[in-house]
Amino acid sequence: MQQEQCNDPLGHAAAGTRCGHVLTKAEMQEIHSDISNMIQPSWLTSVPHQLGSSGKLKSDQWRVLGTTFLPVSLIRLWSSEDPENPRSVRCRKICSITMSLLSAVSIACAQTTSTKHADAYLQHMMAYLEGLKELFPDYKFHPNHHMALHLHEYIRFYGPVHSWWTFPFERLIGILQRLSTNYKSGRFELHYIYM
Amino acid sequence: MQLLRPRTIENRVIYTPIKPFVYFSPVDWLSRLLARPGVEAEMDAAWSKSKDSRADGVMRDIFDGEILRNFKGPNGRHFMLGNGEGRYVFSLSVDFFNPLGNKAAGKKISIGLISLVCLNLPPHLRYRSENMFLAGVIPGPKEPLLSDVNNFLAPLVDDFLKMWDPGIQLSRTDDHPLGRLVRCAIICVVCDLPAARKLAGFASSAHTHFCAICHCSLKTKGGGKAQGNLGEVAGKGTGNSKAERKARKAERKAKAQGKGRTSEAAGKGLNDTDYYSWERRNNLDCRKAAKHFRRAGPSTAAAESIVDQTGVRWSQLLRLPYFDPSRFVIVDAMHNLFLGLIHKHFTGILGIQLLPDKEKDKPVFQCNMSKDWSGFTQNGIASMKKVIRWLEHPMTAQLSTDDGMKLWLKKLSNERADVLKFICNEYSLAPIPFDPRKTHNFHRADHARAILQWVISLSPLRTTADYQSNL
Chain A
1 MQQEQCNDPL
11 GHAAAGTRCG
21 HVLTKAEMQE
31 IHSDISNMIQ
41 PSWLTSVPHQ
51 LGSSGKLKSD
61 QWRVLGTTFL
71 PVSLIRLWSS
81 EDPENPRSVR
91 CRKICSITMS
101 LLSAVSIACA
111 QTTSTKHADA
121 YLQHMMAYLE
131 GLKELFPDYK
141 FHPNHHMALH
151 LHEYIRFYGP
161 VHSWWTFPFE
171 RLIGILQRLS
181 TNYKSGRFEL
191 HYIYM
Chain B
1001 MQLLRPRTIE
1011 NRVIYTPIKP
1021 FVYFSPVDWL
1031 SRLLARPGVE
1041 AEMDAAWSKS
1051 KDSRADGVMR
1061 DIFDGEILRN
1071 FKGPNGRHFM
1081 LGNGEGRYVF
1091 SLSVDFFNPL
1101 GNKAAGKKIS
1111 IGLISLVCLN
1121 LPPHLRYRSE
1131 NMFLAGVIPG
1141 PKEPLLSDVN
1151 NFLAPLVDDF
1161 LKMWDPGIQL
1171 SRTDDHPLGR
1181 LVRCAIICVV
1191 CDLPAARKLA
1201 GFASSAHTHF
1211 CAICHCSLKT
1221 KGGGKAQGNL
1231 GEVAGKGTGN
1241 SKAERKARKA
1251 ERKAKAQGKG
1261 RTSEAAGKGL
1271 NDTDYYSWER
1281 RNNLDCRKAA
1291 KHFRRAGPST
1301 AAAESIVDQT
1311 GVRWSQLLRL
1321 PYFDPSRFVI
1331 VDAMHNLFLG
1341 LIHKHFTGIL
1351 GIQLLPDKEK
1361 DKPVFQCNMS
1371 KDWSGFTQNG
1381 IASMKKVIRW
1391 LEHPMTAQLS
1401 TDDGMKLWLK
1411 KLSNERADVL
1421 KFICNEYSLA
1431 PIPFDPRKTH
1441 NFHRADHARA
1451 ILQWVISLSP
1461 LRTTADYQSN
1471 L
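Respectively, the protein sequence lines represent chains A and B.
Just so we're aligned: 10 in the working numbering is position 10 of the first sequence, and the numbers increase by one with no gaps anywhere.
Just so we're aligned: 1078 in the working numbering is position 78 of the second sequence, and the numbers increase by one with no gaps anywhere.
This is chain A alone, in the form it adopts within the complex (with noise of 0.2 Å):
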């Protein structure tokens, strides 16, 4: 028990948040609840209502996931703190700096942007960063993080994402990987060229 306290100073282990493994299965019940329940327009891209449990996420999902459906269950579920509770006190922690990351990430996809669209997203962009660090200090952090923080820049250069993100070219790919080929390696990429 003594050395679980000095390899968890933020008290991790006794709120039930370590890193990896803060939702509880009832939370997650409430989730897939809210996704099912939720009226949502046609044209929004689908997500599994078993979420977690069914197969890997595309791109778009994670999209619509975090900018739709999880704000909604996470501000419901961890937003009103109960001093007495320390679960309750870390956990709205860890949901504002969610609401930090979800910002960013809605401002940075918006339809038109600005310099100042930019310095808002780079704001949220490190208080969210600035706060993994402060809630989960043994959190490694991949240069997906630095580059978030670079992406700033480009949304200045290039304007609103949607000229310059991958999405078509990953279509694209969609396409070609639908075609029917005859498996044999190296004629795949004439077969390709020549559609």
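Possibly wrong hints are sitting among the right ones.
Computed footprint of chain A on chain B, listed as stretches where at least three residues anywhere in the stretch have a Cβ under 8 Å from a Cβ of chain A [to be verified]:
(1) 1064–1071
(2) 1090–1097
(3) 1115–1127
(4) 1147–1155
(5) 1200–1214
(6) 1326–1333
If you anchor each label on the Cβ, the simulated ranges turn out as follows [claimed, not checked]:
(7) A:D119 - B:G1076: 29 to 35 Å
(8) A:K140 - B:G1057: 36 to 42 Å
(9) B:S1025 - A:E30: 19 to 25 Å
(10) B:V1058 - A:N37: 32 to 38 Å
(11) A:N37 - B:S1025: 53 to 59 Å
(12) B:I1381 - A:E30: 47 to 53 Å
(13) B:G1084 - A:D119: 35 to 41 Å
(14) A:S79 - B:Y1276: 50 to 56 Å
(15) B:K1072 - A:K133: 39 to 45 Å
(16) A:K140 - B:G1404: 35 to 41 Å
In case anyone wonders, no lab produced these hints; they're calculated from the structure.
In this text, all values refer to a predicted model and were calculated from it rather than measured experimentally.
Ideal Cβ positions, reconstructed from N, Cα and C, are used throughout, including at glycine.
Got chain A; can you put chain B on it based on the hints?
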């Protein structure tokens, strides 16, 4: 190097290329595009449209961004001022994918797609599959390593050099029946992180210099890590004195370049978020390092030392005079934000998948044997380790049911008798035979039963773990 391999067709041996790479010229594609009615007018209008929309400071398209607002043509004036010439900009994408689908059990091969999009087309037409230009497919089954991708880019860059200066003369387009001079430029490279690094000639994101945009690096304040690497690389070159000398020269050069930087950018690892203090790379820096890399020759120690020092290799794209490797290689928002941050945040931190918590399986108590058991045979030691692992892990919850009890009894009874006896002696447990009248000749199951009874009696010790596993 062997480029052809023999094949027998109808009893005759012919030589066929090992890796055929088909490449289409963007010149042909562009002339076809410009021959389509109405397209040319729309493409020319892209420049003036952005000029009107920009007034309120809102950016609506890529033309409103800083890069294209300040993009100079070959004559030093803004690229859009073409005096009647066609001025078109493109984005280049190279992406590697598995044509067999991404099944976990499937064969893993990777081929690359080189495609271009003409940004002058209005946004709603730009990404239609008939308007995207597939320049070539990089053959598999494996991605080209490091800067080898350059070989596949060479023909494309040749064409784009021509299309920049002097430009290409099309004999007839939709709006210009008497022909028109057209100049084109690649103004951004749209790829995911690994492909972008390869394409623009930067080291991978796992390198000491993990960032292609700034000088942040993983090395410690004294520059310890990078120095160590350099020493190794230089040491490798002992067989070839010329290469060694070159490496040392390059090292000195790189040091001279990086002098001011090591003190500031050192130690700014992945966890650093002080964005304003990061020192940005610039075009000149990158090109200088790439030039040194190229001069050192392919796969020499000198070239490697330059990569270690600067994180820059050479890319064909650098042959384009207007190409700025520090600004034209974009950070892809889709991979970075959706698949990178959101995905990592919800699975890696919040734990949306409710994966079993490994920490929960930490030993519930320490099973330290007082006597030495290294005298067992090899199989005995393996068996002993296994049993200790079992005992240390929470199993009381399972033992409370009859089925669980049977399962564990079977598991334990299958282990070696000497191991089970040893554990019983250690914790002074009396074997519990099936027939209570039995007093000697105990079986393995009898010892196992004793051990399990003892585990159940320890249950208060194990409740914390059980509580968590029931959550």
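Query raised in the report: Which of the numbered hints above does this structure break?
Result: 4, 9, 14
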